[in-house]
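Top line first, the protein sequences correspond to chains A and B. Those letters in the first sequence? Residues 1 to 203, by this note's numbering. Those letters in the second sequence? Residues 1 to 514, by this note's numbering.
Calculated directly from the structure, the hints in this document are not laboratory data. It cannot be assumed that every hint is accurate.
[Unchecked claim] Not close to chain B: a few residues of chain A, all C-beta gaps over 10 Å, as computed:
(1) Phe5
(2) Thr81
(3) Thr83
(4) Leu87
(5) Asp94
(6) Ser95
(7) Thr96
(8) Asn108
(9) Ile127
(10) Ala157
[To be verified] With a cut-off of at most 27 Å between alpha-carbon atoms, the simulated BS3-like pairs for lysine-lysine come out as follows:
(11) Lys376(B) x Lys54(A)
(12) Lys333(B) x Lys54(A)
(13) Lys63(A) x Lys376(B)
(14) Lys333(B) x Lys201(A)
(15) Lys376(B) x Lys52(A)
(16) Lys123(A) x Lys358(B)
(17) Lys151(A) x Lys376(B)
This structure is a prediction, so every number in the text was calculated from the model and none was measured. Think of the CB as a built atom: it goes at the ideal place given N, C-alpha and C, for glycine as much as any other residue.
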Amino acid sequence: MNLAFIKALQVDIVRFLMVIVFATMFAGGSYYYYVSIQEERNLAERNLNEIKSKYENAVESKKRLEEFKKRYEKLIALEITETENRLNWIDLIDSTARDNGIPYVKYNISPQELSADKGLASKYPGIDVYLSKMQLEIVMLHEGDLYIMAKVLDEKARGLFDINSCEISRRKSEKPSVIDSGTNRNFIANCTLNWYTMKPKGI
Amino acid sequence: MKNQFIASYAFNPDEEGFADFAQYLRSTDNYPTKILVDVIEESFTHETIPHVGKADKTAIIRRLIEKKNRESADYSYFRVIGRESAGRRDDKILLSVLSNPGLLAPWLDLIEKAGVAVSGVWSLPLISEKLIEKMGLGSGNVLLMTQQVPSNIRQSYFKDGEFKHSRSAGINLYEAPIGEYAAQEVDQSIRYLANQRLIGFDERVNVHIICSRQDESSIRENCKDSTVVIFHYHYVDEIEEITECSDIGEQYCNGVFSSLCKDEPIIKSHYGPKNLFKYYYQQLTETGLRAASIILFVVSIILGISFVSNTSSIKDEINLLNENAEAMNKAYKSQLQKLEPELKYSRPMMSSVLLYEKMQETKSIAPQNFMVEASKVLASIGMHDVTITKITWEKTQEKKATPVRRGRARNNQANKPDNIEYSQNGNIKHKATIKGYIHGASTDKKATADKIDRIYNSFNDNPLFEKVNIIEVAFDVRPEKKLEDEGGAGHMSTTEDTKDGMFEIEMFMNGSAI
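Bound conformation, chain A alone (with noise of 0.2 Å):
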């Protein structure tokens, strides 16, 4: 029953297989050639994208290079940006010494390390920010000394630095204040600075 009903609709079963297999090819491959000029078009927008983004970007750097070219230039003058020059620093601490009195100073800078700040790199991007510590050591006859010392500091070293702490004690004596006090080798300062480079990432 069930072959003979098969076989008295053949003719309609190999003409409905034949329109699937004629309908798959053709719809299946015109959908093809879709997707494929589909993804060519694709291709050639983010093609155009990323032309426009590096154009943009161009723009956007030529911009910057021109707000902060001058003020960078300042930073290339006080050598924030280059090797560290330590010479100018010690060559100051020991001149500013001699030409203001003051008694006795000590120097200890160690090993210039990349800072540990890691907000850094996302907050300020394309620079690394290295950090030399220096323990700063100074015999003072009075509490100028320090002041005089940290200001020549800023103003004629090359390089840029902050002062993290400092101890000023007094030294066995037997005049009463720190502050008011005038007599020779009164007071130790005990100070540590950091100076700071910003080198370019990568350049």
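Keeping the supplied structure of chain A fixed, place chain B upon it in accordance with the hints.
Showing chain B alone in chain A's frame:
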């Protein structure tokens, strides 16, 4: 032209009739055919069977029929008409059976040989239920008398519009007029129905006779109303109008029932073995396959064309995109490419400058600035009896609380001096401790405590300083601290000011205040 009655032919059950029928089948198109059966050998009974599922019910009915006549099994139909009110609450069914299906065999053989697609075999009495509904005879006892061929009268009984029973009787119009047969058959039917307890003896029965106009007088003459039997007359042409087949113009009701039959749904007919419908199923499948092939073909063509036509617009778009890209590339090369080596420094330049400026902003946070402000405060309360022995200063930074593991959060605690992070937005401040002592503390502790208190208050009251804390005091009169000393007339003090007058004060100074 659709579903319109075209013509009616009669074929006698003899050699000549069969030959004519075969000829008719050959000469007509093979449209799906419905067979409407109106034979004397069709019985209607009421049975009760257990209330079971459909498959079991069918098996029970089949067994029931096969007991009487095996051949009738494929020519039976049942319908559940209710349930018993007591006991097992069995199903009540109306069972109709063609008791002699062999009558149909020669006709069906011819149909099969001609390969005609039979979509179903319907029972005329069962279909007459539809006629009753169309005639608006939905209540009371109705006995419907119809004549489909000159040699038979069909009477079907309905109660409240539901088919209950039907019988067909042969007549010979050469022997007696139709009226005599009608009166006699109605009388017999009513007695039969009463005996079967389908109606009560004193129950009123409305007999509706559908006849031709020419037979009416004969029937009216013989059929007289009584207290329980009331006769109603309908003409065939009127009924044809009601059933919307007024174009038939037949003398008898065969056209009316044929018309009702053609409107029956073809899902399941009343009678017939599955084998009978094979050409119909084949025709349906053929039609389905052809339709599916055409639809598939058309859909694939439409899809294909739409894809291909879309691609042409996409190609235009690609050309446009490529042209734009080329133009932009040209502009880049002519205007900006030569600057490339310099441009790559722009970001490091910007970052360096901004970081430098951020550092410069906090430049004022330096020990010398703190000492200037601290000196002013101390000078305001007099330093003649105070010696400062040590000042420690450090740069500190407040950080926002950061969630860490185990649900603990880091507080806004001051950083270690080494860890000032310029990438953070935390406020950078001075943190300092001043250590010293008060002269004359060994002799006058009250004055010493008073002086330290004044120093503390002076810093605390100054808006530049915040969070001023006394870290340590030798003679601490604060209630939360332990206090111990010795005295008396004979007591000789051996202590020194540097110990008794010692104090250490910690404070934070806002960097932006300078």
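Which numbered hints turn out to be false for this structure? Structure breaks hints 1, 2, 9, 11, 13 and 15.
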